[in-house]
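Colleague: Chain by chain, the residues run as shown.
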Amino acid sequence: MNQSKVKMHSKLLFIILLVLLPSCSIVKRQYGHNPSPKHQQEYPLTNYHQVLDQMGAPDSIAILNDAFIFTYHSVVINEPQFGINIPFFDLIKFNLGNATAKHSYYFYAFNLSGNCINLSQYKWKNELGNGSSIGLIFIVEETVDLTNFKAEHEANLWGKSLLIDKGLAEFSLEEIILGNRIGLIGQSF
Amino acid sequence: MKQKRNLVLISFILILLVGCVNYSRESGVENRWRESPNFTNGKTTTKQVLAALGPPSQVLALGNKTIYYYLKEEVTREGLILLVYNSTKEITLFDRAIFIFTEQGLLEDYSYTKLNEPK
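First to last, the protein sequences are chains A and B.
Residue 114 in our numbering sits at position 114 of the first sequence, and the numbers go up by one each step.
Residue 1079 in our numbering sits at position 79 of the second sequence, and the numbers go up by one each step.
Take every hint as true, because none was put in to throw you off.
Straight-line Cα separation of at most 20 Å, EDC-like style, residue types lysine to aspartate or glutamate; simulated pairs:
| # | chain 1 | residue 1 | chain 2 | residue 2 |
| --- | --- | --- | --- | --- |
| 1 | B | 1047 | B | 1103 |
| 2 | B | 1065 | B | 1108 |
| 3 | B | 1089 | A | 127 |
| 4 | A | 28 | B | 1090 |
| 5 | A | 102 | B | 1090 |
| 6 | B | 1043 | B | 1108 |
| 7 | A | 28 | B | 1074 |
| 8 | B | 1043 | A | 53 |
| 9 | B | 1089 | B | 1026 |
| 10 | B | 1114 | A | 53 |
| 11 | B | 1043 | B | 1103 |
| 12 | B | 1065 | A | 53 |
| 13 | B | 1065 | A | 66 |
| 14 | A | 125 | B | 1090 |
| 15 | B | 1043 | B | 1109 |
Hints are computed from structural coordinates only; laboratory data are not their basis.
Note that the coordinates shown come from a computational prediction; the quantities given were computed from them, not determined experimentally.
Only chain B is shown next, with the shape it has when bound in the complex (with noise of 0.2 Å):
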């Protein structure tokens, strides 16, 4: 009877020797562009978007048009460790912004990171 209850004591002490592991990290700019007002094509200009969103993470030129190209990466980590499992979980997230303009300086078109399909 003895042994028995110590058996579940060891059990009981083993489950619950668990670690939980929790990691976030953030690069690139300022992701102001989920909150921004919206853009209008062929209307609104560069200087507006600059105002709205800060300087881009990159800028490129297409022939006679301009790419201003914004890049937020986010990743987080999460794991459990139990005594004879372990499983982590690391997610890198890309949410990008790409707004193209004619050689006027006017909004061509503009897009976002599709965010609400994920894997």
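So that you can see chain A by itself, here it is in the shape it has in the complex (with noise of 0.2 Å):
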């Protein structure tokens, strides 16, 4: 009797598993390196040779009047996201989706002559929301909006900027290419 009884749940659990087929998706994304410098422990960088040499070359630079700024920026986005299915109705297939933003950010400021005039170095966790959706076919996307992470990186726009009428440009052609107006120049995250 309890044998049966066994059997009875397992065909139960079975049925029950295969109505509402779980599903989980790891999504992971990347954006650029961790220089992870030495010099934050051992010595203190005082100019901008020392910083090229130890970071390498930067992801933005900024150029003000009398300065100059090197910044160093990754990002890494974890995006768990889990499903449930009732096969042959499609109506109620279910997706949960979130996603966090690990940024890792160095910031370097120098002076005309190339001296570090200030340096910073920041890590912080960034909630970029949650999401959920109703479909008819469980794939691997992303459930959060991460489209400010696509965007096209103005160093691969410049060549286009040439292309613009002088007349209809927001700015002057001498403005880009002197690099007069201030903005970080690279990465746009």
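Assembly of the complex is requested from the two constituent chains, each provided in isolation within its own frame, with the hints serving as guidance.
Modeller: Here it is, written out as structure tokens:
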């Protein structure tokens, strides 16, 4: 009698599992390298030559009137998802997801002689949001809007700016080439 | 006995129901700085850098100095799709080179992205 009950329960469990077919997805994204500089513990950097030597080419450069800035920025995004699917009843397929971004940011400011006047290091987390969806087929796709991380990089668009009619351009060609306007050049995030 | 065999067979088929995804994309200038000869601070000129690497992604003015900035972006995506578990990993790497020249057009300093320290 007990054996038949166990069998019945196993069958029932199997049917429930089949009916509510759960599914998990892990989406991981990484933008850029993390240089993890040794000088933070060992010795301070005093000029831009040492920063280039330790950190490599910067992700972004900003040029001001009497200073310039190098920034290094990398982001890792983790997006776990969970879905429940009822076979043959497409409308109740359900997907839940959330995304977290871990930023690593280094900032170095120099005077025009190239001496370091300020440096900072930041590491922080962003909750990029939660999302849910109802779909017909489960696929590995983000449920959180990450379009700002997929933006075209200005450095790759520079050639296009040469095609813009100078009279219609928001910034003059001279300003673009000389980098006179204040703003980060390079990665846009 | 037959039920067990069927169960094993179904499990085996389910395990085999897998898919793989692979994707890559590149943008930016041609990456020639990784294979180019060494540049020498104080000797290499703007002309030599342009001849070796081609036109830069960006040209910036820094006071009396000039900066050539080269950028290559590479995106790779890999995924494993199983019946109840999916996993994808997308890595976007930026390979950069920066060259800083004096007013006279001589190389003052240069640097590349440190590629050997991935997260």
